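Got chain A; can you put chain B on it based on the hints?
There are 2 protein chains.
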Amino acid sequence: MPARVNVVLLGLGVIGSGVARALQGRAEIYSQRIGAPLLLRRILERRLDRAQAAGVDPALLTADAKEALSGDVDIVIELLGGEHPAYDLIKDSLTQGRYVVTANKEVMAKHGPELLALAAKNGVDILYEASVGGGIPIISPLKRDLCANEISSVRAIINGTTNYILTRMSRDGLDFDAALAQAQDLGYAEADPTNDIDGHDAAYKVAILASLAFRTPVRIEDVHREGIRGLAARDFRYARELGYAIKLLAVARREDSSVQVRVHATLVPEDELLAKVDGALNAVEIEGDLTGKVLFQGAGAGSLPTSSAIMADVLDAARALVLGTRPFPWRYTADLAVTPLAQLVTRYYIRLEVADQPGVLAGIARAFGDHQVSIATVIQKETDEAAQTAELVIMTHQAQEEAVQATLAQVRELPQVVSVVNFLRVDG
Amino acid sequence: MPARVNVVLLGLGVIGSGVARALQGRAEIYSQRIGAPLLLRRILERRLDRAQAAGVDPALLTADAKEALSGDVDIVIELLGGEHPAYDLIKDSLTQGRYVVTANKEVMAKHGPELLALAAKNGVDILYEASVGGGIPIISPLKRDLCANEISSVRAIINGTTNYILTRMSRDGLDFDAALAQAQDLGYAEADPTNDIDGHDAAYKVAILASLAFRTPVRIEDVHREGIRGLAARDFRYARELGYAIKLLAVARREDSSVQVRVHATLVPEDELLAKVDGALNAVEIEGDLTGKVLFQGAGAGSLPTSSAIMADVLDAARALVLGTRPFPWRYTADLAVTPLAQLVTRYYIRLEVADQPGVLAGIARAFGDHQVSIATVIQKETDEAAQTAELVIMTHQAQEEAVQATLAQVRELPQVVSVVNFLRVDG
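These protein sequences, in sequence, are chains A and B.
The C-terminal residue of the first sequence carries number 428 in this note's numbering, and the numbering is unbroken.
The C-terminal residue of the second sequence carries number 428 in this note's numbering, and the numbering is unbroken.
This is chain A alone, in the form it adopts within the complex (with noise of 0.2 Å):
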């Protein structure tokens, strides 16, 4: 049992400085929890001004690397965020014997399954609850409280910011443009909003999801991903009208011996409790053949919530050492491939801006026809007529995605068509 353990933060900033402040302002909580005392030894951080905001001792910060993990470190959090340095840094703590919590998904995403075994090469962890989901326990409860099933289905809102614009749009009928300038002011979008609202940010976090649910090495170029820059107020409109919400959902989908993992903004059934996650909630569905579908629910982001499970990792490797035990290892026990989105079997939403004159609609049904997509509900609402055009909005059947783009293809060379506006998957 060591005599303390100690603790080297990488980055102060905000999450960061909520760690800190957990950590020394609970330094008493948290040592009495694993029964020795839990230490910050060293702050990794250029800024030396954000000491003061962060209440800790300026002395502890460094802009060293090399000093700040020098000496006797058991646990080092890294919160640098991007690829490199923090991959480096991982890489080299893992492999002097070190524990590694993050909530670094871009290194997780990518380099997940090195770090995993270069972990349990080195007798310790890299433990990474809070890359996904927060303060919502998700990546724990899929290592260990799910792990007697076979998951079948990954379902998740797992970007707050996006969730917060579509629900904007949704409930207040702003256009995207202004649903984003919204969430900008009030903090919920960065400057540069493109990590969030291109779909990058949902695309770790669910690689790392499917990759733990199925066991199987998912790679961030598995994903297909959409963004949500294309979706208008009037979307929702007519998704409510047809019984859905629209939610920038992740999905990853086990079939037999293949897995299948996207991004896109999709059509929720109403009813659906992931349909009601409005905000900048995130939700995580797990769907396993014991347990059935589980929900998990709650802050996808913000410093406290992310400092929880930061914590929650701290303390899970703190006990570990008091303890003197090995992490039990984690293993990949399949290896998966990868279906691509063309053999997807969905239904479609898909939003066609049409010349308003008699025989469009004909033309439209016949080239679905003629790829054997069968429409269940058309809807012609909004006409524009200084442009003499018209709004057609068509839900289809089931049908296979190669044979829907197969279609829209054949529909954009319709005379009568002027654009195909918008395209959404359904799921639920």
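Watch out, some of these pointers could steer you wrong.
No distinction is drawn between identical chains; accordingly, a pair holds when it is met within one copy or between any pair of copies.
[Stated by the list, open to error] DSS-like mimics (lysine-lysine), calculated; alpha carbons at most 30 Å apart, straight line:
(1) LYS91 / LYS121
(2) LYS66 / LYS110
(3) LYS276 / LYS66
(4) LYS276 / LYS121
(5) LYS276 / LYS381
(6) LYS66 / LYS381
(7) LYS121 / LYS143
(8) LYS381 / LYS110
(9) LYS121 / LYS293
(10) LYS91 / LYS66
(11) LYS293 / LYS276
(12) LYS121 / LYS66
(13) LYS293 / LYS143
(14) LYS66 / LYS143
Just so you know, these hints were derived from the structure itself, not from any lab.
Since the structure is predicted, the reported quantities are computational estimates derived from the model, not experimental observations.
Frame of chain A, contents of chain B only:
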């Protein structure tokens, strides 16, 4: 590292059969996950005919507890239910240094602190994820994932039978007896439904959750318990008109150095997620100072979901055995006082049957005023012309339970008041 992990199952009822099936049908997968063969050695069960239904070798069954637990046993799965002999067998098993996995909420609610201490003393653990919330991970998240938080409240729908009945009453306008009869027909309620209907089951479960959340022993006697027999279909109509759903809510709240733990029919604001948890589903909402509100939802009962929780615990114990480690002992760190219900401050829903004559409301309003209980809303609608009585529904502003009870005592004495038909607390 043991050559294999030997498991004994106590009880081959509905849950036990599910566990036996999982243990045998997935022996290879589970052995792979824990790194050693996992073997079902013996089953304690009087009814030998149950072997066939569960698909196990009848030779594994014995009606003799001593025989079942003799020899090399690493993990004992207790699924007998009820206090005795379950408690005694668990105690013996822990004393002999065996891990115990149990779904027994009664034993854990009544003897949890003693059994946890006994397990720690013997270097093993007693795991009870299946005792609350069926297949929803909730015990382990409280012990591990939320352990960096100071938890302020647990609010839960943890009895599927009553939630099914209340959902039918709310959706279909059924009265209690009709909804109960349907629940019994469909197997959601037992022939003798007392344990569920009167809140005993939920009280055991919330005592377990509160003990973990606040790290203080909460005894079953500390839980204020009321059932749902007094509810009528019209209560749901009035509640809806006021913006609420009615749920059998288990609530545990910490305030400074005391806790309040209660189970009763409760008005929950319609826009809360807990209000939308319908049918036989369970949901638990935990509020921590770091993570905020986190919600866990899923199937709260049933053979397969409960097997998921039991097998997660079994695999956890098996991993510890394979690694040769001692579990980190759970520690109670507080001994909090229990606040009497009289000190509760919330809003109240009161339904009265009164004489249909002038001046009635004035007398009732005076009684409320006398005790400083402020009325927020009054609904007077349904009138029984034959009996010359009317129905009055009153919602109060925030008030103390003690004052409301004193008010109702005074109201009952009013000559124009036929009866105080119902009295419900609001939460949220």
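Quick rundown of the hints versus the structure:
no. : hint            : in the structure
1   : LYS91 / LYS121  : within (12 Å within a copy, 38 Å between copies)
2   : LYS66 / LYS110  : within (24 Å within a copy, 53 Å between copies)
3   : LYS276 / LYS66  : neither (47 Å within a copy, 52 Å between copies)
4   : LYS276 / LYS121 : neither (43 Å within a copy, 46 Å between copies)
5   : LYS276 / LYS381 : within (27 Å within a copy, 33 Å between copies)
6   : LYS66 / LYS381  : neither (65 Å within a copy, 76 Å between copies)
7   : LYS121 / LYS143 : both (19 Å within a copy, 28 Å between copies)
8   : LYS381 / LYS110 : neither (46 Å within a copy, 64 Å between copies)
9   : LYS121 / LYS293 : neither (35 Å within a copy, 37 Å between copies)
10  : LYS91 / LYS66   : within (13 Å within a copy, 52 Å between copies)
11  : LYS293 / LYS276 : both (16 Å within a copy, 16 Å between copies)
12  : LYS121 / LYS66  : within (23 Å within a copy, 43 Å between copies)
13  : LYS293 / LYS143 : both (16 Å within a copy, 22 Å between copies)
14  : LYS66 / LYS143  : neither (32 Å within a copy, 35 Å between copies)
When held up to the earlier numbered hints, the structure conflicts with 3, 4, 6, 8, 9 and 14 and fits the remainder.
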